[in-house]
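Enquirer: Chain residues, written in single-letter form:
2 protein chains.
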Amino acid sequence: MKRPERETAEGILFTDEYQLTMAHLYFRMGLHEKPAQFDHFFRSYPDYGGHQAGYCINAGLEWLLDWMEQAHFRPEDIDYLEHQTGQTGSRLFQEDFLEWLRGNGSFSGITMRAIPEGRVVHPNVPLTVVQGPMAMAQILETPLLNHLNYQILIATKAARIRESGRDKLLLEFGLRRAQGKGGNAGARAALIGGADFSSNTGISHVLGYPPKGTHAHSMVQAFMALDMSELDAFQAYADVYPDDCLLLVDTIDTLESGVPNAIRVFENLRQKGHKPVGIRLDSGDLAYLAIRSAKMLNDAGFSDCSIVLSSNLDEMVILQILTQISEEASRYGVDASHLIDRLVYGVGTHLITSWGEPALGGVYKLVAVDRDGKWQPAIKISESAAKTPNPGHKHVWRLYDQRSSATADLLSLEDEDPRQMDTIVLRHPTDHTKQRSLDQAGIAEVEPLLVDVLQDGQLVYDLPTIDTMRERREADMGRLDPGVRRLINPHIYHVSLTPRLWQQKQELIQQARQQSR
Amino acid sequence: MKRPERETAEGILFTDEYQLTMAHLYFRMGLHEKPAQFDHFFRSYPDYGGHQAGYCINAGLEWLLDWMEQAHFRPEDIDYLEHQTGQTGSRLFQEDFLEWLRGNGSFSGITMRAIPEGRVVHPNVPLTVVQGPMAMAQILETPLLNHLNYQILIATKAARIRESGRDKLLLEFGLRRAQGKGGNAGARAALIGGADFSSNTGISHVLGYPPKGTHAHSMVQAFMALDMSELDAFQAYADVYPDDCLLLVDTIDTLESGVPNAIRVFENLRQKGHKPVGIRLDSGDLAYLAIRSAKMLNDAGFSDCSIVLSSNLDEMVILQILTQISEEASRYGVDASHLIDRLVYGVGTHLITSWGEPALGGVYKLVAVDRDGKWQPAIKISESAAKTPNPGHKHVWRLYDQRSSATADLLSLEDEDPRQMDTIVLRHPTDHTKQRSLDQAGIAEVEPLLVDVLQDGQLVYDLPTIDTMRERREADMGRLDPGVRRLINPHIYHVSLTPRLWQQKQELIQQARQQSR
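Which chain is which? The protein sequence lines are A and B, in order. Heads up, the final residue of the first sequence is numbered 503 in this note's numbering, and it's a clean run with no missing numbers. Heads up, the final residue of the second sequence is numbered 503 in this note's numbering, and it's a clean run with no missing numbers.
Derived by calculation from the structure, the hints in this document are not laboratory data. Hints may contain errors.
You can't tell identical chains apart in this list, so a pair holds if it fits in one copy or across any two.
To be verified - For lysine to aspartate or glutamate, the following EDC-like pairs were computed, each having C-alpha atoms within a straight-line distance of at most 16 Å:
| # | residue 1 | residue 2 |
| --- | --- | --- |
| 1 | K(-12) | D213 |
| 2 | K261 | D225 |
| 3 | K258 | E(-9) |
| 4 | K(-12) | E253 |
| 5 | K373 | D417 |
| 6 | K258 | E(-7) |
| 7 | K420 | D467 |
| 8 | K373 | E400 |
| 9 | K261 | D230 |
| 10 | K(-12) | E400 |
| 11 | K373 | D239 |
| 12 | K373 | D268 |
| 13 | K360 | D285 |
| 14 | K20 | D417 |
| 15 | K(-12) | E48 |
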């Protein structure tokens, strides 16, 4: 795409056609400016093929806001709609609607609350709550989901990979395997969720983190094609980057050629007073090669050199590598925990795609419409109870127990405040037989999770830095029960409704069933 | 991101840091302008969890070329590199290199050959061949892979879904589940690979295909929250779009409410002389609901209304739905093949993410460097023979047998032409015991697959339209053996080397092994 085409494809028309046909219908019905509320939430944690997450990390809001600020119906967008035709060749969108879009086709009427980026979040909890004129709030559905679903997915995967790597340095390497420009959103989300740095130069620059990377196999190959050797390539690299010398050792043979050559170059560096950074292993049995390489590096006096692992890593592969190192390192005369401490993880494809579950099923559901100045709850009955959204304008609370552990997220009606309740009753969202009562005495803190972000299109929120988002993530992870946090078969975190919200939902379901007869 | 940040993150720095550190090293060694050749290829077909593809569809080239045309080192990019520091705080990139980038930091020196978009392609065949000054050809690696890998992945998935849907109308619905702006690249690739239309409005506009879509559950919900009914919502939709009336029937209950209400509205339309388009099923047992809905529509005289299916479809789900319809339709008084002919598939998440294999492992490998005006082949030895790239400057040929069926892709040395050979010997790329001989008499056509695209940065290629790409795909699919084309356990298509290329590769591997000692 050339630039003007890209601006069209990434502007207000970056939405599904049915949002526009519905907006037009609302206009015809006189409903287009009626205030409506949509909740954005996901229904279940990503499940990467047998190992499901126990939490997600929220992300993507700032980029959504940036998009919303720019996006509006430009004359050329309106012109396009004017020329859209239906099956019989007649116009799909009438002139009066287009005229309305000319004057009102922006997100200046949108009010938004959201859970901040970086926070731990759970299913069926509204993460983003949109209120605004029905037509524009409807058009926002697709771009909102596009911006938020993917970043939540990747922040979550990054948090899990960081967890499996025991909080050691984690690098995001996935740009070449991303969905085009989406790789930038993925890198950002990875940085929020758990990656320390990214190899993606541009986005690292924009976000203020130094990009990471050294060299590829092609450098060694180029030297060899010119009748030089791997050792020559390594030495050349060391000459140019004497204080940043990290060498990829598997172009020819890791243990027979790569590591011995790296050690020779490191020895030269040491003689000149430089400290080599380390080696990278990118193929083969990584745990075994890491142990054998560590032994060779240790014997040569480079016991603090990093060993970067890459090649199709994810949280399960890292778990396996660390298990294998723990079991086998001592046999080769290597201290397992010392080796584990010097590992660095470079994760590409499996992080940027969230391999195993490459999309988050986040949805954006109408939960209320304005009637005479009050929010009238709306419901969608679904064949499975779990898929029926929680209706109405709601508050979201997180309850912490006396150990400061998050014990549940609670959805309440707008006029309820669990801080005022003597006993907090938590109802299971779908199973009517399940409920829990918490004494206020057992509750250390009740935290409202949603913050005001937009008021009639105006930003009323101090956008946090990525460092702040990371601190929030770390704090929230620290307050998760270890059972919820674990990588395989985590405990189910409770997301509950107050009895009044629960009751309202049941009544609406009954009403809807009757209404449809 | 704001616009200037986006331009930085999507410009020349949309690459991995190590490409820049390597380019700088080549500069230091005086190798930065030495002509080098990189081949882009993939090593294996996507395997979506037990069912591996037997072919891929090439895509993405035009968008890569658009990116290359724009991308260059702007003063602000150079400024950023100037301020990058290493571990000890000293500059990573020296001034003379940056000065060279200022004058030479674009892709104006790149020559490229490629297999056109829309064509069927196979593993280990160079799809894109890049020649140019080593520094800039190296920097191109990441963006090239980013642009091409994803579009090939999605074009391939779309072709498979179309195949399983027996060539019926296929709609791409995935924008909300894509990786941010990557959703546009995905929609384009889907249109090349097999989707007829997309719901993504902006990209449909840019590419010249009408976007598709009608309404969502939220429209019905909004009416219900305002004390109106599903029937009212359907009737309102029909009033606004009398000739484009396609109704989503599962908001309340598909068979009890949605379909009967749709039929009532369709009857009103018919009375007024309009032809209703159809219904959409988005949840539940789609085959069963399609049969029951078809029966109700048929009985009401709407036997030519479309039935659009959506909700987590992919090629396997469609296969199951069609099997189930074939087995069960007659039991409900519905003709299975008539029903299958009226189905339309709306595929979102599983298409836009290529669920099951969400990345193509395409690579970009140095295969030759210039030495005294000649291409000196370069090799990377890999632990597995299959991962060792085919070295040197090569030609790519497709051989068709007397039935016009593609029988093999053949890689040859630059000075070889199989059209001049009496007998064509095909050597297996890794298994030295396997080879096949073809008499020229048995070969109907030998087609060179690579076309000239860029000559020293200048476009020397007529960019085809997407319609042309689709015709190429259909023609190529038609010339695939049905065994290769099938969805599960396809036959393996032969990709072979000429004996001379095979011999050269063995010699280089031996040389590299010796050199490394």
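Enquirer: Now tell me if each hint is right for this structure.
Expert: Checked hints:
no. : hint             : verdict
1   : K(-12) with D213 : neither (43 Å within a copy, 48 Å between copies)
2   : K261 with D225   : within (13 Å within a copy, 76 Å between copies)
3   : K258 with E(-9)  : neither (54 Å within a copy, 40 Å between copies)
4   : K(-12) with E253 : neither (51 Å within a copy, 47 Å between copies)
5   : K373 with D417   : within (13 Å within a copy, 53 Å between copies)
6   : K258 with E(-7)  : neither (53 Å within a copy, 41 Å between copies)
7   : K420 with D467   : neither (21 Å within a copy, 58 Å between copies)
8   : K373 with E400   : neither (22 Å within a copy, 60 Å between copies)
9   : K261 with D230   : within (8 Å within a copy, 70 Å between copies)
10  : K(-12) with E400 : neither (48 Å within a copy, 35 Å between copies)
11  : K373 with D239   : between (53 Å within a copy, 14 Å between copies)
12  : K373 with D268   : between (43 Å within a copy, 13 Å between copies)
13  : K360 with D285   : neither (75 Å within a copy, 44 Å between copies)
14  : K20 with D417    : neither (34 Å within a copy, 69 Å between copies)
15  : K(-12) with E48  : between (26 Å within a copy, 10 Å between copies)
In the structure shown, a violation is registered for the earlier hints numbered 1, 3, 4, 6, 7, 8, 10, 13, 14, in ascending order.
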